[in-house]
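**Student:** Just so you know, the sequences run in chain order U and L. My numbering applies: residue 1417 is where the first sequence begins, and numbers increase by one. My numbering applies: residue 10 is where the second sequence begins, and numbers increase by one.
Treat the hints as calculated values from the structure; they're not laboratory data. It is possible that some hints are incorrect.
Said to hold, decoys possible - Computed Cβ-Cβ distance ranges for the label pairs, DEER-style:
#, chain 1, residue 1, chain 2, residue 2, range
1, U, S1496, L, S18, 32 to 40 Å
2, L, P124, U, E1495, 25 to 33 Å
3, U, E1479, L, T26, 43 to 51 Å
4, L, P88, U, T1493, 29 to 37 Å
What the hints assert, rightly or not - To spell it out: a stretch of chain U is covered by chain L in this simulated footprint if at least three of its residues, at any positions, have a beta carbon under 8 Å from a beta carbon of chain L; those stretches are:
#, stretch
5, 1437 to 1445
6, 1492 to 1501
Ideal Cβ placement from N, Cα and C applies to all residues, glycine included.
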Amino acid sequence: EADIYQTPRYLVIGTGKKITLECSQTMGHDKMYWYQQDPGMELHLIHYSYGVNSTEKGDLSSESTVSRIRTEHFPLTLESARPSHTSQYLCASSGGGRYYQETQYFGPGTRLLVL
Amino acid sequence: AQSVTQLDSHVSVSEGTPVLLRCNYSSSYSPSLFWYVQHPNKGLQLLLKYTSAATLVKGINGFEAEFKKSETSFHLTKPSAHMSDAAEYFCVVRALNFGNEKLTFGTGTRLTIIP
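All chains, please: the whole structure from these sequences, using the hints.
**Tutor:** This is the structure:
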């Protein structure tokens, strides 16, 4: 069982609000990821990090930002939420082995609804 | 570049009958391939993975998949479906070039089990 946590699980918020989605893992993984998943659709990588103070943008453009100050923590922030940000956000982590053997473990996700 | 095609968006089988979920991939490098399952309101759970070892991979809950390089396929099978198998299944590819930790997801196959 993977030890990766996301809070909140569900969030309903008004347009223009600043929000932070939390992701933490207790496995000591150096790599962490954020994916966005619209209903019935595949996952798209929006941010990733290979370690502390390392962040990169993923394949899907996103107005969100991330930070990696601690190994176990990879929060995602939206400065001004809009209805187009409504989606499910999934956090994942990997590490501890040869790169081709590593598996990404996923958190339970945060479902965001922006009104 | 890499991509994944899940050939069926929806599969329905009767309880106790075999399950086949089809996946084809393309990759410029030797791929790692994964199947993940997503139950409603849950995160993604790894079912099984192929990382250049045995071509027939056994996973959790009685699922298995066979890597066929000549057909560029990685179909997921189970001999006898159970009601608890009803979920969304994602085929995922990762290219085996150093530093590339990005996963590419298929669009998913929704598996329905008929009692």
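**Student:** Does each hint hold? Answer for all of them.
**Tutor:** Hints, one by one, checked against the model:
no. : hint                         : result
1   : U/S1496 x L/S18: 32 to 40 Å  : 35 Å, holds
2   : L/P124 x U/E1495: 25 to 33 Å : 48 Å, violated
3   : U/E1479 x L/T26: 43 to 51 Å  : 46 Å, holds
4   : L/P88 x U/T1493: 29 to 37 Å  : 46 Å, violated
5   : 1437 to 1445                 : violated (count 0)
6   : 1492 to 1501                 : violated (count 0)
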